[in-house]
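Asks: So the chains spell out like this:
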Amino acid sequence: MRRKLTPYLLALPGWAWLALFFVVPLAGMISLSLTSGNVITGFTQTFNVGNYVEAITTYSEQLVRSLLYGLGATLICVAIGYPAAYWIAFHGGKHKSTYLLLILLPFFVSFVLRTISWKFTLSDNGVVLGTLKTIGLLPADFSVLNTAPAVVLGLAYNFLPFMVLPIYAVLERMDHRVVEAAHDLYASKLQAFLRVVLPISLPGVFAGGLMTFIPTTADYVNASVLGGPGNTMIGSIIKTQYLVNNDYPIAAAITFVLMAVLLIGIFSYARALGTERVMEVQAK
Amino acid sequence: MTSGLDTPTKAPAEVRAPTRPRRRVDWGKWFTWGVLAWLFAPITFMIAFSFNDIQGRHNVTWEGFTLKWYGQAFDHADLTQALLYTLAIGVLTMLIAGTIGSLLGLALGRHRFRGQGTTNLVMFAAICAPEVVLGAALLSLFLLVGIATGFVAILLAHVMFTVSFVAITVRARVITLDPNLEEAARDLGAGAWTTFRLVTLPMLLPAIMAGGLLAFALSIDDYIITSFVAGEVTTFPLWIWGATRVGIPPQVNVMGTLIFGVGVTLAIINVVVAKRRRS
Amino acid sequence: MRTNTLLRGMTQARYGRRDMLKLSAMAAAGLGLSACGVSGQKQEAVAADDFWQGKKETGSLRFANWPLYIDSKRTQLKQFTKETGIKVDYREDVQDIAAFAGKLQPQLANGDSTGYDMFVLTNGIELARFLALGYLAPLDHGRMPNFTDNVGDAYRNNSYDPGNKHTAPYASGITGIAYNPKYVDREITSIADLWDPKFKGKVGMMSDPQEIANFGLLLNGVNPAESTESDWQAAAEKLKQQRDDGIVRSYYAQDFVQPLTNGDVWLSMAWSGDIYQQNAEAGTDLKFVVPEEGATIWTDVMCVPTTSEAPVDALKLIDFLYRPEIAAGLTEYITYITPVPEAQEVLREQAQQASGGKREDLERLVESPLVFPAEEDYARLHNYVALEPGQEKSFTSKFHAVTQA
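Each protein sequence line maps, in turn, to chains A, B and C. The opening residue of the first sequence carries number 73 in the working numbering; numbering runs sequentially from there. The opening residue of the second sequence carries number 258 in the working numbering; numbering runs sequentially from there. The opening residue of the third sequence carries number 310 in the working numbering; numbering runs sequentially from there.
Zero decoy hints are in this set.
Result set (DSBU-like, lysine-lysine): computed pairs, CA atoms no more than 35 Å apart in a straight line:
#1 387/C x 325/B
#2 205/A x 549/C
#3 474/C x 365/C
#4 532/B x 166/A
#5 205/A x 596/C
#6 205/A x 509/C
#7 532/B x 168/A
#8 205/A x 507/C
#9 325/B x 396/C
#10 205/A x 325/B
#11 491/C x 325/B
Please keep in mind that the hints were generated in silico from the structure rather than gathered at the bench.
Produce the complete structure using the sequences and hints provided.
Replies: As structure tokens, this is what we get:
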């Protein structure tokens, strides 16, 4: 009897914490999104679906933009992270762990501080652009800060390791003799990569994509620091509605819509890439 | 930070493609170093500007070298206070999430029980859920129940979003443990608790430490969730965010540089120790 | 930091439909639990006598203010501590009035401490809301002799808090245009200059709905105080056109000074005092103008939340700041309009006793129409749009649509 109880006792504190402060709050948020009222009179439960209509009609532009920025940042991360992970895994030699460490090092600096450092680095007459302008490589009126590319690049910068690590983990565990076998069968380098390495590494790309796309889509720090007019992301709207306007029902409704859109995105992505098998990156 | 960087020993260096006789430009290497340069650009900027001898409030243009900000690192009382809050929350998160996360990981890795699948799903969802959603949901709950935001609320939130990371790290280690060792201990007459204390725990310790440190790192870095539930409390990232409006004092660069230095040192020690252990 | 083992663990588990069902059931249970609302946030108004009864000095005080609103050595606060023994924990936490008020709102509604015993708010939407909700303690004028003697007449009969029942002005200021002559090669004189395509991508605007609304209204020739909903719509359209033409670089809360200095922005909506301080502290040469279409005048007021833990100490500090020599010292640094007219005399005397550069600085300050405006100067300055209680959302959403697109 005691032995049977053990797992439940072990799991209980962690499980209860997650239930109380993760699952219940999500339910609470849904409940809040259906209330109506204002900050002075209070908010009462009226199952007011109109909040969702208002949230979607007012903020669809920011929502779509966030998805596009998140997608852009994820694609950049794949484009940059895959070759780097590939090179470290296959050609890093005995310095593999050092390279991996170097990829991780910038993350010992606070996320907010890193992003703000970019802002100063990218200033119109700052260290980078100023120098390039002085030596004539850039036109004098060139600017990056407060534009969409600045935001997307900032997002890619901040979440790159989330892409590199999973891809690296898969490539690293791969049996390199498989590639050799492909060569023995007269596959060209490109064919060997496309037919052998890439399919094996896809689960890593999937995991990386997930861990990049979700946080970048919902981020607002990069858009606030590096963006300009017309670059507002949905996270920013959520924060403003909750913390500045205290319009909780609309805020909760937008958050829920964001979550639903991301969930749908994840599942269709998983299906497109071969569903469940992708979910389990094989450990062995 | 620890176990993940170990290069698995089975990577067979000797069966790799034979080295090419011709010398070619190693584009992969150049590319990787380019990526690293990109990653380090703003960090270099931050470190350099911790030595900037500025007059006014704006630490943006280079005005000469000075060490004075290191001497005055704790001159901004509220910045120091914010850093202390961040460290306190980080340590408490590490302890609480480290403990309950390890227990959860142990249960998931070692036992089969009803609700296991659901627990896995909830953990997966908690890791994948965007921070804005976590922060907003928690704030919604606090509003509905009437809990005041502040220090305790931040701690609840941080344990919530880090506990799954700890559990998963520990679970992965539990799965790879050799059950024969524990069996052997029991055969030698050790009770369940003694076996756990003397055999299981020491073997799990690296994973527990790794999970705890990860929880600490995630906690001190968090801005988005904290901003929703912080109330009157200002943590280090929140303080920096506020200061962007008026000019970030060089002390922020100093503290950023110091934290970075500590992290780098720890990481290097880790790599060196891991290398020595292997050879 | 996310380790291999972590990733391995994360991606191993498989989930079935049954798990989903269980989870939904759990969520539904949670939903049932919390199918209640958030209670009303209005606090009962308290009479001044009731509020102050039994309140005692605590010896320490937490004060939130705008940045750049006292010198970095906190001279006046140190003097206050020396005289009264009350320690002041001064924080520059008011950087965006809407965000600051939004942060305090739930705590005040709950009747919890906000972490501040007194704070400064601007005479806009948020102050009106706090007053309507009964969040601000009534001031006991009997304990404020300096205030009663020295506050200027213009501040006794204000529209936002007649009779200063709950608020005492800290400073007033003007929202105008600042520009950096290093990049702008002509004199800037009007709001229309902010719409000049020549400055494409180099113009800064403010993100506060009330501030930005005023510039749109004034450009359209509308007096903000008499504006109607259709005027707001027209102003918002004008501002949208400015944004869509790519003229606006960014919408700033309070952080327009640094981009103006380093050239990311060439001209921007700005607060007068911030520009003067930047010039004085960093040796820059930024210019500030009151545009010909007119500009806005606002007042930042000190108030004590009902949940203050040290209201008596707060009241002492408020009264202390109304001594002419203290007000003069503050004005010398912050270069905004002081509610204590006598400060001008004090500064004039100080100027006569000083010599050289210091004397010049003080004389310029005393004669500056931006710091000590004459009657006729007020004619070009407008108040914020006065909003009826129900209009707040309609107003702010029109201008959020501009700044938060």
